[in-house]
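Peer 1: Each chain, written out:
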Amino acid sequence: MGFLKVSSPHAHGPMSTASVMRLVLMATLPGMLALTWFFGFGTIVNVLWASITALAFEALALRWRKRPIGFYLNDYSALVTAFLLGIALPPAAPFWLIMIGTGFAILICKQLYGGMGYNPFNPAMAAYVMLLISFPVEMTTWMAPKGSFAGDLLGPIEALRYCFDFGREAIDAITMATPLDVLKQNNALLVDDLWSQSAQFGQIAGKGWEWANAGFLLGGAYLIYRRIFTWHAPLSMLAVLTLMSLLFYDGGSSASGGSPFFHLFSGATMLGAFFIVTDPVTSAVSNRGRLIYGALIGLLIYIIRVWGNYPDAVAFSVLLMNFAAPFIDHFTQPRTYGHSTGAEK
Amino acid sequence: MIELIAQNPFIASLVALVGLGVVFGALLGFAAVKFKTEGDPIADQVEALLPQTQCGQCGYPGCRPYAQAIADGDDINKCPPGGEATIAALADLLGVEAKPLDAVEESVPSVAYIREDECIGCTKCIQACPVDAILGSAKHMHTVIASECTGCDLCVEPCPVDCIEMRPIETSLQTWAWDKPKPPEDLIASDRSGASA
Amino acid sequence: MSQLIRKVWDIHGGIHPAENKQQSLQSPIQAAGIPPQLILPLAQHIGAPASPIISVGDRVLKGQMIAEAKGFVSASVHAPTSGTVSAIESRLIPHPSGMSGACIVIDTDGQDEWLKHSGVEDFRSLSKMELIDRVRQAGIAGMGGAGFPSAVKLSTRDDKPIETLILNGTECEPYITADDILMRERAAEIIAGAEILRHLIKPSKETLIGVEDNKPEGIAALQKAAEGTGIEIVPFPTKYPSGGEKQLIQILTGKEVPAGGLPADIGIVCQNIGTATAIYRAICFGEPLISRITTITGEACSQPRNYEVLLGTPVQFLLDQSGFKKDDCIRLVMGGPMMGYTLQDTAVPIVKTSNCVLAPSVAELPPPPPAQACIRCGMCAEACPVSLLPQQMYWFARAQEHEKLEDHQLFDCIECGACSYVCPSNIPLVQYYRASKAEIRQAQQDKIKAERSKERFEARTARLEQEEAEKEAKRAARLQAAKDKAAAAVSNPDSSKTDLIQAAIERSKAKKADAADPAHDAIARAQAKRDGKVEEETPAAKTERLQLLIASAERRLTSAREKLALAKEQGGESVEAFATAVIKTEDKLIALQKELAEHQASSTSAPADTDAADPAQAAIARAMAKRAGASADESDEDKTQRLQNLVATTEKRLAAAQQKQSIAQEQNDANVAAFATGVEKTQSKLDNAKQELAEHLAQISTKAITTEAASAEQASSDDPVQAAIERAKAARAAQTDMSEDDKLKQSIASLENRIARTQEKLSAAQESGDDKAEILADSIAKLQDKLASAKQQLG
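Chains as they are written, first to last, in full-length UniProt numbering: chain F, 1 to 345; chain B, 1 to 197; chain R, 1 to 795.
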């Protein structure tokens, strides 16, 4: 009779991987806009170039692996990686830096492990860390925020020019140490004094940074509302980071690690909490596991930021916890219906 | 002496390493003697993974001897009744690379069937059956106890009148089950490569 | 009891698929009518299939039991209308496999004539056992989907008191409205059924009817009908899959059925409301389960609605009434879109568990798109009603990690499909779990079987070893005895030796006499019987008896030969006497064998001759002939063996005798002459034996050829055995005509053939490192010896 023979269920929900990824991309927009507003068009250029190269690398890898290219490019996963990396890199980063980053993320961290879903590490963060270690100078040249210097913000043409290395030397004029960096280097001034003396500080954290973080928070909240991921990992990460900074906040001495607000709204905190920590492939799978996973990332972020060598720590913390995710999974299997305890054996 | 060692970092580290080596070596040696395992657990574990058809297709007279042979270093891919699944399990157990099956094809699970009106009662199949799954006596018709038959087909060859055949076990309503879906990536890849090739 | 708002619990996960229930609720229940043919599968329930109690051609009345429950967990089947049983055969049945199963087919007569039946007026007057028996007789099985025989479920044990009786009116699957419409239209029947169930189960606490809040009309109707009964209708928020038994229990009571346990373990019994109505009709009207309400819906049907359908009605019959558009529909689902299974054919019948036939259009339920990679998004874990980790189980299922799957409680999966529904990558998760469950079960069975095979193999090996050891022990004992004897003879060379030999002669004579008499008797008896009444002793029995005689004669012969050999070794006058004895025994043996051969020939041909009009007689005769033929084959083999043995031993003896002769010559012994005669005699005997063997072998090979030919021709010829015998006789006749040389040539050929075969076997054995190799090598050597001597004779 020619009827299909398929296993139930026959109905399918409206969500597809591509739509999930599209939503994630959309949710990065508020934060990205804030970054552009305060630091110029560098981030946009980053993201564009990263997207182009990431898609190219993805296509190349799929071709090598003899996989259907269109089918996999359509899942938007390469774009998500590109967006995250582009946002994390300093605005108007040199084109080769971005290319190395996306190449490493797509080819080594993702396709080499078997493509989407098989990668043990978050590709964007692995690439970020690799670049940070390999090219520390380029990776720490961050734009000065709007209003902290006399010149104009980076326009789209300029950003493109800098990115493709035409008169890149001039970029030094508009770069500045990031607030996290400033706080880290500081060992003489009280926090309040530092705040008033340095141009890059804003209301509660770094100028611009606080808005960018607020933007990512907004995007993340939207994703939680759309049930793209659960609240467990981001919330526990933010909670532990807050707790740690509260615990070690000494009111603002010269050795201070910074206030809870400062930590929550500095660096990649919100981006990490809602877009990196929630990366489902590389995180723990159960809700209880995600609570632990997020909490440990929050702990590591604080430890590395305050006592470590690098000013920001989201990437390192996430990578370290990627290692631990399988162990967390093993010990946090949820209790199944009808079983008195979970399957902790 | 001690001074010399303390003075010279190279000698110090050398001494330390050798010392550690001696200590741990002694420990390991002691453990090896103290916790010596009886028998050959590897062969036992291997045997537990073999399908116990006792068919001898591996070239050994039964599963136990083959298990012993594997424990002694023989290839793990000689068991057609076990097929890829057994090879995978053995590779997993022994930590070696899984190899393709060393046979034309995996044997399909089947049972021997005696066409009873052709049986002359020669008892040759009874003697050949490794698990005593054939019932009958001299000059009387024989029959296979289907539930005990391992499908080894050792009884087929000795039959002088060729009245034994191997019948593949058919799926019934009770044993039917959904197949595992093909892994999505492979499915698409093969479809595409089939189309482009 | 009049709580206004009752606390309900929530289940983990769950989904909210589009309900699509309105389409089929537009019109009331309609009787589907009587189709021309009803197909009633014997297994419409969980458990053993029912066994038919009518035969093809019987007229059956509506409500008549046509197949009875077989075993405890089983349900009987009744004729849904009057008609004639036209077949009991394998037909397509509603099953995910699309396979066929045993069915009773009834050609309906349209008269719908009921079997005389009556219900009980007051069910409270009946005992629990009586009521359950009536439910069992009515063949009622759970109508919600699983089809568990209701009588079994109701047979609660006294040691497990029931607190709560739950009626399941949830119907959480999209599209299905069979229960909804039942509640709207027949709420009174549901409540009446609930009363019977309450009387049966006697729940100590409460009786609840759980209904999702998307059926307000149904809830209202039930509440109206239940007024004053104490039965509580509990509405709760709509969510798939709250209709699962375990889920409903959790929602209504907050309790969880322990894994691997039953609701009764926590004091709960759960029944579908459809089942409750069926029980009501069975008890109060005596009507067995012969019809049910089935929803026909989906966009490919222009008139979706609910039908009251006779069980066994083909799906096509219902689709025709609903305006089914075949071209719009690429999949036909029995059940709902979440847990239903696809049908491959519209000829399958509606059964007790068929609550819905869903015929969606392509746009409505498009074919599944190709699955993408799992990104572990965890939406499945969020949706899982039993708190599993579907994404993890998916990876384990793909990697065949059965242990991990069981650790992750794969077997608690209720296959509700919520995980696949939400999966953004379109992975058919449920299919993975189903396949893995089957794989694990299969692996467990294989494991058990492997264990048993191993045990049997080991037992067999042990037995063979023991037998071998016993044989070895016997051989050793015999050798020892011979040595002792020899030693005794040596130590007592004169008097005792002669005494011993004398004694041996006596013994042998006595034995010979003993043996000869029964043999004679037997032959006489056999002859008498052959002349007179064949039916008293069947040819087969006679064959056996003769074979026994031959065997004992052979034994005697060998012992006589042994003695002869001994005597020869020790020298002496008795050698001659022994030799004569041996020859005599041999003669007798040959006579017996001839007798046997004659008998077999006669027994095979006799029945064939007598074959008359009676086919049964002929069949028996043929069977006998075949058996006789088989035993003839057998004795051929024995004979070959024996002859070969004979040749071998004679050769050995010859060698020994020659050696002795040479020693005697060297020593100039007086016995030289005697030895020489011995050697001569042995030589001639050897020649005889070889000739016999050669003849025999030739005969066998001809026979084998003719048997093969016979079996090839068996299909065409009327009496193949007879023909084969005919041919064999001809061949034998031809052989006797053959010259001596030809015979030898033939035997040489057969020897060469055998050598070749043995060599093949040997090489195979050597390759596989078998320890048989040595034996095979020996036998090749022997065969070559024989071949050489045969060639010598010829040349």
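Heads up, a few of these hints could be off.
Unchecked claim - Dumping the calculated DSSO-like pairs for lysine-lysine here, alpha-carbon to alpha-carbon at most 27 Å:
id, chain 1, residue 1, chain 2, residue 2
1, R, Lys471, B, Lys124
2, B, Lys180, R, Lys449
3, B, Lys99, R, Lys449
4, B, Lys124, R, Lys782
5, B, Lys182, R, Lys404
6, F, Lys5, B, Lys180
7, R, Lys128, R, Lys205
8, R, Lys594, R, Lys685
9, R, Lys588, B, Lys99
10, B, Lys139, R, Lys594
11, B, Lys139, R, Lys471
12, B, Lys182, F, Lys5
13, R, Lys325, B, Lys180
14, F, Lys5, R, Lys437
15, R, Lys326, F, Lys5
16, B, Lys78, R, Lys447
17, R, Lys681, R, Lys761
18, B, Lys182, R, Lys205
19, R, Lys685, B, Lys78
20, B, Lys182, R, Lys21
21, R, Lys685, R, Lys761
22, F, Lys66, B, Lys182
23, B, Lys124, R, Lys588
24, R, Lys325, R, Lys21
25, B, Lys139, R, Lys588
26, F, Lys5, R, Lys325
27, B, Lys124, R, Lys449
28, B, Lys124, R, Lys761
29, F, Lys5, R, Lys21
30, B, Lys180, F, Lys66
31, R, Lys791, B, Lys99
32, R, Lys255, R, Lys471
33, R, Lys437, B, Lys180
34, B, Lys78, R, Lys761
35, R, Lys325, R, Lys471
To be verified - Some chain F residues well away from chain R (every beta-carbon gap over 12 Å; in silico):
id, residue
36, Leu60
37, Leu107
38, Gly151
39, Leu194
Derived by calculation from the structure, the hints in this document are not laboratory data. Beta carbons: idealized from backbone N, C-alpha and C, even for Gly.
Peer 1: Compare the structure with each hint and give your call.
Peer 2: Going down the list of hints, with the structure as the test:
For the hint linking Lys471 (chain R) to Lys124 (chain B), the alpha-carbon distance of about 20 Å falls within 27 Å, and the restraint holds. In summary, the hint linking Lys180 (chain B) to Lys449 (chain R) is supported, as the alpha carbons are separated by about 23 Å, within the 27 Å threshold. Using a Cα cut-off of 27 Å, the hinted pair Lys99 (chain B) and Lys449 (chain R) holds, with the two alpha carbons roughly 26 Å apart. Taking the CA atoms of Lys124 (chain B) and Lys782 (chain R), the gap is near 23 Å; set against the 27 Å cutoff, the hint holds.
Of the pairs offered as hints, the one joining Lys182 (chain B) and Lys404 (chain R) holds, with about 20 Å between alpha carbons and a cut-off of 27 Å not exceeded. Between Lys5 (chain F) and Lys180 (chain B), the direct Cα distance comes to roughly 14 Å. Compliance with the 27 Å bound is thereby established for this hinted pair. The hinted pair formed by Lys128 (chain R) and Lys205 (chain R) meets the criterion: a straight-line CA distance of about 19 Å does not exceed 27 Å. Restraint check for Lys594 (chain R) and Lys685 (chain R): satisfied, since their Cα atoms lie roughly 19 Å apart, inside the 27 Å limit.
For a cut-off of 27 Å, the pair hint linking Lys588 (chain R) to Lys99 (chain B) is broken: about 65 Å separates their Cα positions. Between Lys139 (chain B) and Lys594 (chain R) the CA atoms are separated by roughly 21 Å; this keeps the pair inside 27 Å, and the hint holds. Only pairs whose Cα atoms come within 27 Å are accepted, and Lys139 (chain B) paired with Lys471 (chain R) is accepted, the gap being roughly 24 Å. A distance of roughly 15 Å separates the Cα atoms of Lys182 (chain B) and Lys5 (chain F); the hinted pair therefore holds under the 27 Å criterion.
Annotation: proposed proximity of Lys325 (chain R) to Lys180 (chain B) is violated, straight-line Cα distance about 32 Å (limit 27 Å). Proposed proximity of Lys5 (chain F) and Lys437 (chain R) is supported: the alpha carbons are some 19 Å apart, at most 27 Å. A C-alpha spacing of about 16 Å is found between Lys326 (chain R) and Lys5 (chain F), which places the hinted pair at or below 27 Å, so the restraint holds. Note on Lys78 (chain B) and Lys447 (chain R): the hinted pairing holds, with a Cα-Cα distance of about 19 Å set against a maximum of 27 Å.
Proximity of Lys681 (chain R) to Lys761 (chain R) is assessed by CA-CA distance (about 37 Å); at most 27 Å being required, the pair is judged violated. For the hint linking Lys182 (chain B) to Lys205 (chain R), the alpha-carbon distance of about 50 Å lies beyond 27 Å, and the restraint is violated. Restraint check for Lys685 (chain R) and Lys78 (chain B): not satisfied, since their Cα atoms lie roughly 52 Å apart, outside the 27 Å limit. The straight-line distance between the Cα atoms of Lys182 (chain B) and Lys21 (chain R) is roughly 34 Å, outside the 27 Å bound, and the hint therefore fails.
A C-alpha spacing of about 32 Å is found between Lys685 (chain R) and Lys761 (chain R), which places the hinted pair above 27 Å, so the restraint is violated. Among the hinted pairs, Lys66 (chain F) with Lys182 (chain B) is consistent with the structure: their alpha-carbon atoms are about 17 Å apart, no more than 27 Å. As the CA atoms of Lys124 (chain B) and Lys588 (chain R) are separated by approximately 31 Å, the hinted pair breaks the 27 Å bound. Between Lys325 (chain R) and Lys21 (chain R), the direct Cα distance comes to roughly 20 Å. Compliance with the 27 Å bound is thereby established for this hinted pair.
Taking the CA atoms of Lys139 (chain B) and Lys588 (chain R), the gap is about 26 Å. The hint holds against a cut of 27 Å. With a CA separation close to 19 Å, the supplied pair Lys5 (chain F) and Lys325 (chain R) stays within the 27 Å bound. Straight-line distance between C-alpha atoms of Lys124 (chain B) and Lys449 (chain R) comes to about 24 Å, which keeps the hinted pair within the 27 Å bound. The suggested pairing of Lys124 (chain B) with Lys761 (chain R) holds, with an alpha-carbon distance near 17 Å, which does not exceed 27 Å.
Annotation: proposed proximity of Lys5 (chain F) to Lys21 (chain R) holds, straight-line Cα distance about 24 Å (limit 27 Å). Between Lys180 (chain B) and Lys66 (chain F) the alpha-carbon distance is near 23 Å, which keeps this suggested pair within the 27 Å criterion. A threshold of 27 Å between alpha carbons decides the hint, and for Lys791 (chain R) with Lys99 (chain B) the separation of about 53 Å lies outside it, so the pair is violated. As the CA atoms of Lys255 (chain R) and Lys471 (chain R) are separated by approximately 69 Å, the hinted pair breaks the 27 Å bound.
In summary, the hint linking Lys437 (chain R) to Lys180 (chain B) is supported, as the alpha carbons are separated by about 10 Å, within the 27 Å threshold. Proposed proximity of Lys78 (chain B) and Lys761 (chain R) is supported: the alpha carbons are some 21 Å apart, at most 27 Å. Restraint check for Lys325 (chain R) and Lys471 (chain R): the C-alpha separation of about 79 Å exceeds 27 Å, so the hint is violated. No Cβ of chain R comes within 12 Å of the Cβ of Leu60 (chain F); the nearest lies about 18 Å off, and the non-interface call holds.
Once the 12 Å rule is applied to beta carbons, Leu107 (chain F) is consistent with being away from chain R; the minimum gap is 17 Å. Taking the minimum C-beta to C-beta distance to chain R, about 43 Å, the non-interface status of Gly151 (chain F) holds against the 12 Å cut. No Cβ of chain R approaches the Cβ of Leu194 (chain F) within 12 Å, the least distance being about 42 Å, so the stated non-interface status holds.
The structure fails hints 9, 13, 17, 18, 19, 20, 21, 23, 31, 32, 35 (numbered hints given earlier, in ascending order).
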